[in-house]
Amino acid sequence: MSQDLLNKLTESINQNVSGAIEKAELPYDFATITIHKEHIHEVLEFLKNDKNWNFHFLTDLTGFQTADEKQLGVVYHLHNMMTNIRVRIKTHFDINKPEIPTATNLWPGANWMERETFDFYGVKFKGHPNLKRILNVDEMDIFPLRKEYPLEDQQREDKDNKMFGR
1 MSQDLLNKLT ESINQNVSGA IEKAELPYDF ATITIHKEHI HEVLEFLKND
51 KNWNFHFLTD LTGFQTADEK QLGVVYHLHN MMTNIRVRIK THFDINKPEI
101 PTATNLWPGA NWMERETFDF YGVKFKGHPN LKRILNVDEM DIFPLRKEYP
151 LEDQQREDKD NKMFGR
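Just so we're aligned, residue 1 is where the sequence shown starts under this note's numbering, counting upward by one.
Treat the hints as calculated values from the structure; they're not laboratory data. It cannot be assumed that every hint is accurate.
Below, a list of computed lysine-lysine pairs in the BS3-like style, where the Cα atoms sit at most 30 angstroms apart [stated by the list, open to error]:
| no. | residue 1 | residue 2 |
| --- | --- | --- |
| 1 | Lys23 | Lys51 |
| 2 | Lys70 | Lys90 |
| 3 | Lys37 | Lys124 |
| 4 | Lys37 | Lys97 |
| 5 | Lys97 | Lys70 |
| 6 | Lys97 | Lys124 |
| 7 | Lys8 | Lys37 |
| 8 | Lys132 | Lys8 |
| 9 | Lys147 | Lys8 |
| 10 | Lys70 | Lys126 |
| 11 | Lys23 | Lys97 |
| 12 | Lys97 | Lys48 |
| 13 | Lys90 | Lys51 |
| 14 | Lys147 | Lys90 |
| 15 | Lys132 | Lys37 |
| 16 | Lys37 | Lys70 |
| 17 | Lys51 | Lys147 |
| 18 | Lys51 | Lys8 |
| 19 | Lys51 | Lys97 |
| 20 | Lys48 | Lys126 |
| 21 | Lys147 | Lys23 |
| 22 | Lys124 | Lys90 |
| 23 | Lys147 | Lys132 |
| 24 | Lys126 | Lys97 |
| 25 | Lys90 | Lys132 |
| 26 | Lys37 | Lys48 |
| 27 | Lys147 | Lys37 |
| 28 | Lys70 | Lys124 |
| 29 | Lys37 | Lys51 |
| 30 | Lys124 | Lys147 |
| 31 | Lys147 | Lys97 |
| 32 | Lys70 | Lys23 |
| 33 | Lys51 | Lys70 |
| 34 | Lys132 | Lys48 |
| 35 | Lys90 | Lys126 |
| 36 | Lys8 | Lys23 |
| 37 | Lys132 | Lys51 |
Here are the in silico distance ranges between beta carbons for each label pair [claimed, not checked]:
| no. | residue 1 | residue 2 | range |
| --- | --- | --- | --- |
| 38 | Lys124 | Lys8 | 29 to 39 angstroms |
| 39 | Met140 | Asp50 | 11 to 21 angstroms |
| 40 | Asp141 | Glu69 | 15 to 25 angstroms |
Don't be surprised by glycine CBs; every beta carbon is placed ideally from N, CA and C.
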């Protein structure tokens, strides 16, 4: 996507959902727009239903945790297959209140992606029709992709840590 097209897209979002955009950038020619949490569903709905943009396909949805470990977020990859335009929409929120609206009413395919994001990061998607673990056991009381859980046993002695830069 060109900078010109990104500017048109952000202008269009601002006209329809005032104050929604936190940041817009073009890393590696891939439009990335960060949206304030309280406007995420409104922006997604606009991008899907607007006749000029028509991002009718949700390619992917996943979670992330910021490097400072204080925030979680969700990334949506949207695609308009008729014009071959793609956009990455990001939002973030406090790790102590990981809650945003579901996108299943816009894209039914978001169902399992949201369940996986809940399963690994603990993000609660309000309005989701069946938000429960999808890959981990139901009894699990942690969210394994959060940074507060170590990747491996720190006491292991059977590894040569020089191979891993430690």
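Okay, the hints, checked on the actual structure:
With a C-alpha separation of about 24 angstroms, the suggested pair Lys23 and Lys51 falls inside the 30 angstroms cut-off, and the hint holds. Of the supplied pair hints, the one linking Lys70 and Lys90 holds, its CA atoms being roughly 16 angstroms apart against a limit of 30 angstroms. Distance check on the hinted pair: Lys37 and Lys124 sit about 13 angstroms apart at the alpha-carbon level, within 30 angstroms; holds. Annotation: proposed proximity of Lys37 to Lys97 holds, straight-line Cα distance about 11 angstroms (limit 30 angstroms).
For the given pair, Lys97 sits about 11 angstroms from Lys70 by alpha-carbon distance, which is consistent with the 30 angstroms threshold. For a cut-off of 30 angstroms, the pair hint linking Lys97 to Lys124 stands: about 9 angstroms separates their Cα positions. Annotation: proposed proximity of Lys8 to Lys37 holds, straight-line Cα distance about 22 angstroms (limit 30 angstroms). Between the alpha carbons of Lys132 and Lys8 the distance comes to roughly 38 angstroms, so the proposed pair goes past 30 angstroms and is violated.
The suggested pairing of Lys147 with Lys8 is violated, with an alpha-carbon distance near 37 angstroms, which exceeds 30 angstroms. Distance restraint check for Lys70 and Lys126: the Cα-Cα separation of roughly 21 angstroms lies within the 30 angstroms cut-off, and the hinted pair is therefore satisfied. Pair hint Lys23 plus Lys97 holds up; C-alpha atoms about 22 angstroms apart against a cutoff of 30 angstroms. Between Lys97 and Lys48 the CA atoms are separated by roughly 27 angstroms; this keeps the pair inside 30 angstroms, and the hint holds.
Between Lys90 and Lys51, the direct Cα distance comes to roughly 22 angstroms. Compliance with the 30 angstroms bound is thereby established for this hinted pair. For the suggested pair Lys147 and Lys90, the alpha carbons sit about 19 angstroms apart, so the restraint of at most 30 angstroms is met. Restraint check: the Cα-Cα separation between Lys132 and Lys37 comes to about 22 angstroms, which is no more than 30 angstroms; the hinted pair holds. Restraint check for Lys37 and Lys70: satisfied, since their Cα atoms lie roughly 15 angstroms apart, inside the 30 angstroms limit.
Simply put, Lys51 and Lys147 have alpha-carbon atoms about 40 angstroms apart, too far for the 30 angstroms limit, and the pair is violated. With a CA separation close to 14 angstroms, the supplied pair Lys51 and Lys8 stays within the 30 angstroms bound. Of the pairs offered as hints, the one joining Lys51 and Lys97 is violated, with about 34 angstroms between alpha carbons and a cut-off of 30 angstroms exceeded. A threshold of 30 angstroms between alpha carbons decides the hint, and for Lys48 with Lys126 the separation of about 19 angstroms falls inside it, so the pair holds.
Taking the CA atoms of Lys147 and Lys23, the gap is about 25 angstroms. The hint holds against a cut of 30 angstroms. Only pairs whose Cα atoms come within 30 angstroms are accepted, and Lys124 paired with Lys90 is accepted, the gap being roughly 16 angstroms. For the suggested pair Lys147 and Lys132, the alpha carbons sit about 21 angstroms apart, so the restraint of at most 30 angstroms is met. At roughly 12 angstroms between alpha-carbon atoms, Lys126 and Lys97 fall within 30 angstroms of each other, so this suggested pair holds.
Annotation: proposed proximity of Lys90 to Lys132 holds, straight-line Cα distance about 23 angstroms (limit 30 angstroms). Only pairs whose Cα atoms come within 30 angstroms are accepted, and Lys37 paired with Lys48 is accepted, the gap being roughly 18 angstroms. A hinted pair counts as satisfied when its Cα atoms are at most 30 angstroms apart, and Lys147 with Lys37 qualifies at roughly 21 angstroms. Restraint check: the Cα-Cα separation between Lys70 and Lys124 comes to about 16 angstroms, which is no more than 30 angstroms; the hinted pair holds.
Taken as a hint, the Lys37 and Lys51 pair is honoured in the structure, with Cα atoms around 24 angstroms apart against an allowance of 30 angstroms. For the proposed pair Lys124 and Lys147, the alpha carbon gap of about 18 angstroms is at most 30 angstroms, so the pair holds. Distance restraint check for Lys147 and Lys97: the Cα-Cα separation of roughly 16 angstroms lies within the 30 angstroms cut-off, and the hinted pair is therefore satisfied. The suggested pairing of Lys70 with Lys23 holds, with an alpha-carbon distance near 19 angstroms, which does not exceed 30 angstroms.
Between Lys51 and Lys70 the CA atoms are separated by roughly 37 angstroms; this puts the pair beyond 30 angstroms, and the hint is violated. Simply put, Lys132 and Lys48 have alpha-carbon atoms about 26 angstroms apart, close enough for the 30 angstroms limit, and the pair holds. Restraint check for Lys90 and Lys126: satisfied, since their Cα atoms lie roughly 17 angstroms apart, inside the 30 angstroms limit. With a CA separation close to 14 angstroms, the supplied pair Lys8 and Lys23 stays within the 30 angstroms bound.
Distance restraint check for Lys132 and Lys51: the Cα-Cα separation of roughly 34 angstroms exceeds the 30 angstroms cut-off, and the hinted pair is therefore not satisfied. Against the hinted window of 29 to 39 angstroms, the Cβ-Cβ separation of Lys124 and Lys8 comes to about 34 angstroms, which satisfies the hint. Here the CB-CB span from Met140 to Asp50 is close to 40 angstroms, at odds with the stated 11 to 21 angstroms. At roughly 19 angstroms, the beta carbons of Asp141 and Glu69 sit within the given window of 15 to 25 angstroms.
Violation of the numbered hints given earlier is confined to hints 8, 9, 17, 19, 33, 37 and 39; the remaining hints are satisfied by the structure.
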